[in-house]
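Q: Sequence:
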Amino acid sequence: MESSFAPIEHMLNFRAKKQKDFPYQEILLTRLCMHMHSKLLENRNKMLKAQGINETLFMALITLDARESHSIQPSELSAALGSSRTNATRIADELEKRGWIERRESDNDRRCLHLHLTADGEAFIQQLLPPQHKSLHLLWSTLDIEEQKQLETLTRKLLTRLDQMDANSIS
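The opening position of the sequence shown corresponds to residue 1 in the UniProt record's numbering, with each subsequent residue numbered one higher.
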C-alpha cells in the first residue's frame, strides 16, 4: 500500500527536478511534519467522536482534572486552551449541559465564577482514557524506546527554534 504522503512526495520530486536551488530536504521535512500532524488529528478526532466528545471538550476536561481542586476560572480555561473567553464560555456551556462541570460562585468573591468538575465528569474521563491510551500505545509502538526518545529530542529542538523565530520575527 502506498503511503498517504506519496502524492506530496511525487510533487516535491517533480519540483526539485525543475528548480536547481529547490530546498528539497527542508520542504520534505516540513510537509512530513504537517502531514503527520494532520493524520494524528484525524485519527484522534475519530477516536474521540466514537466516545461522544471532541478534542476541545476533552482538553477542557483534562485541564480541570489536572487541577488539585478540579476547579478553574473561565479565564484560566481560556488561557489553558489558547482560545478566546467567548469560546471558553461556549465550551463551559457544553460541558455543563452534559453534566460534566458545574459553575459555582467563589466562596471569597461572589463576582468570581469557578468551573468545577462533577462526579459524572470524573467518571466520564475514567471511561474515556483507557481506549485512548490503548490507541496511543498502538501508534507509538512502531518506534522502539530509543527512537521515541530521539523523536522527542528532535521535536523539542525544532519547537525551540520555532519559539525563537516567533519571538524574533525571523522569516
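If you are wondering where the hints come from, they were derived from the structure by calculation, not from laboratory data.
Certain hints may be false.
When the alpha-carbon atoms are kept at most 30 Å apart in a straight line, the in silico DSS-like pairs for lysine-lysine are as follows [said to hold, decoys possible]:
# : residue 1 : residue 2
1 : K17       : K49
2 : K17       : K39
3 : K49       : K97
4 : K97       : K17
5 : K39       : K134
6 : K149      : K20
7 : K20       : K97
8 : K46       : K149
9 : K134      : K46
What follows is a set of in silico ranges between Cβ atoms, one per label pair, in the way DEER data are often shown [unchecked claim]:
#  : residue 1 : residue 2 : range
10 : R67       : L41       : 37 to 45 Å
11 : R67       : R15       : 14 to 22 Å
12 : D109      : L129      : 47 to 55 Å
13 : S38       : C112      : 15 to 23 Å
14 : D120      : R90       : 18 to 26 Å
15 : Q127      : L32       : 16 to 24 Å
16 : L41       : A6        : 29 to 37 Å
17 : S38       : E147      : 33 to 41 Å
18 : L158      : N43       : 15 to 23 Å
19 : K149      : D109      : 42 to 50 Å
Every residue gets a Cβ at the ideal spot worked out from N, C-alpha and C, and that includes glycine.
Q: Does each hint fit the structure? Answer for all of them.
A: Do the hints match the structure? See the list:
1. K17 to K49: 42 Å, violated
2. K17 to K39: 28 Å, holds
3. K49 to K97: 17 Å, holds
4. K97 to K17: Violated, at roughly 56 Å.
5. K39 to K134: 17 Å, holds
6. K149 to K20: 35 Å, violated
7. K20 to K97: Judged against 30 Å, a Cα distance of about 58 Å means the pair is violated.
8. K46 to K149: 27 Å, holds
9. K134 to K46: The given pair, whose Cα atoms are some 14 Å apart, holds under the 30 Å limit.
10. R67 to L41: 37 to 45 Å: 26 Å, violated
11. R67 to R15: 14 to 22 Å: 49 Å, violated
12. D109 to L129: 47 to 55 Å: 34 Å, violated
13. S38 to C112: 15 to 23 Å: 40 Å, violated
14. D120 to R90: 18 to 26 Å: Cβ of D120 to Cβ of R90: about 20 Å, so the range 18 to 26 Å holds.
15. Q127 to L32: 16 to 24 Å: 35 Å, violated
16. L41 to A6: 29 to 37 Å: 20 Å, violated
17. S38 to E147: 33 to 41 Å: 21 Å, violated
18. L158 to N43: 15 to 23 Å: 21 Å, holds
19. K149 to D109: 42 to 50 Å: Given range 42 to 50 Å: holds, Cβ gap about 46 Å.
The earlier numbered hints that this structure contradicts are 1, 4, 6, 7, 10, 11, 12, 13, 15, 16, 17.
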